[in-house]
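All chains, full assembly: derive it from the sequences and hints.
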Amino acid sequence: MDAREIVLDILMDIEINGTFSNMALTKALKKNQFEDKQTRAFVSRLAEGVTESKITLDYIVNQYSKTKINKCKPMIRTLLRMGAYQIMYMDAVPDHAAVGESVKLARKHGFSGLSGFVNGVLRTIARNKKQIVYPNQEKDPVRYASVRYSMPEWLVEKFVSDYGEQAMQIIKGCFLDRPTTIRINTCKTDKETLRNMLVDAGIEVLDGDYDEAALKIRRYDFIRKVPGYKKGLFTVQDESSMCAVRAAKIKPGDIVMDVCAAPGGKTTAAAEYLQGDGHIYSMDVSMDKLSLIEENVERLGFSNVTISAHDATKPFDVPDADVVIADVPCSGLGIIGRKNDIKYRLEPDGIKSLVTLQKEILENISGYVKRGGTLLYSTCTINKSENEENVEWFLKEHPEYSLEQMRLFLPGKDTCDGFFFAVLKRG
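So that you can map any letter, position 326 of the sequence shown is 326 in our numbering, and since no number is skipped, the others follow by simple counting.
If you are wondering where the hints come from, they were derived from the structure by calculation, not from laboratory data. Quantities reported herein were computed from a predicted structural model and do not represent experimental measurements. Some hints here could point you the wrong way.
To be verified - The calculated DSSO-like cross-link candidates involving lysine-lysine, where the alpha carbons are at most 30 angstroms apart (straight line), are:
no.	residue 1	residue 2
1	352	384
2	37	352
3	172	129
4	289	188
5	251	425
6	289	27
7	172	384
8	31	68
9	68	172
10	225	31
11	359	396
12	71	30
13	225	188
14	37	68
15	249	188
16	130	73
17	188	251
18	30	68
19	249	359
20	37	108
21	359	339
22	352	289
23	230	289
24	108	66
25	73	30
26	30	188
27	314	30
28	129	66
To be verified - The calculated label-pair distances, taken between Cβ atoms and stated as ranges, are:
no.	residue 1	residue 2	range
29	33	227	40 to 46 angstroms
30	74	22	16 to 22 angstroms
31	199	91	25 to 31 angstroms
32	319	221	41 to 47 angstroms
33	222	402	42 to 48 angstroms
34	38	287	34 to 40 angstroms
Ideal Cβ positions, reconstructed from N, Cα and C, are used throughout, including at glycine.
Spelled out as structure tokens, the structure:
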């Protein structure tokens, strides 16, 4: 298939079926085994870029289209976004190719009658791309930020409410290009051995900024094809998450419970600290996600992990633990740059429901921590109601616990994901 047609399939899967963008892209990349790295990179860049920049692209199209984009048929809407993204953001693609290939796809998929419309709108954008008028930042800063960073206005307002003058730095930071962070499996290799293996394969390798077990990599094709992946010498995990597990001070012999464990990053990090002595009960509510935990545990070579499906708001039939890890379901506001459709799926009421769920999980698991043990609470969001306010609520409800450590990582300030964790000690 033509690369643009593959992207069209990905974007239509997202648009029509509501498929998460990372899942739609992964499915397409597995289906189409690209021999040419450039083609694969083009598909990823265009699919991810259109998804991430949807609000901006719609704003641009609407300036030059008599029919507003939300009134267009889904196929035409998608083709206009694809063409506009190539014109605005992909310098290596000639404007005539971005326009012409979009028109061809319209005709190929039965929209010959609208091919002239697609042609006219995209050609006009190409002619005027340096003269596009954006909202005035001084007069309407929320609208400006929404359009320039393709973020719903209510979400911009929430960042401003939570972080004031720091909000724009955070919003910009969400979309900075960052390397992939991997955690070295210290039970199988060491940093220098793995680094040399990756460098020999032509991969750019940098040290992590916060954790000794972290490396950052660029210029690789597909993570599963990176040397050492299949042998379990490393796994993908952000440094913020590594710091959280390290802060729990897991040691050999501990009983560890990971209650929202998929895909298994914290479970396997905990297993490394156990050094084969102790046990982990790793669980998740979704049976579908258990295979992800199983795959990572097996690949990294840990045998002291029991994996099961369980709802973290319901009682467990497992021993009390020295450490309970609760990386709870959250709004994901710390990773909107990596999961670029989260921002479109969120609603204020949905966040309120998540806060309620988080409290239910905390309430349920609080009794499974041994006296003197540790509860690690974490999220991949920077929303205060899910983070600091939940911790404050929990400590009021459970005076037997005390706060040992709390840390917030912010996009634009820190070089990792937006992330929050609190280490709570049971007396």
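Would you list, in rising numerical order, the hints stated earlier that this structure does not obey?
Violated hints (numbers, rising): 2, 8, 12, 14, 18, 27 and 29; every other hint is consistent with the structure.
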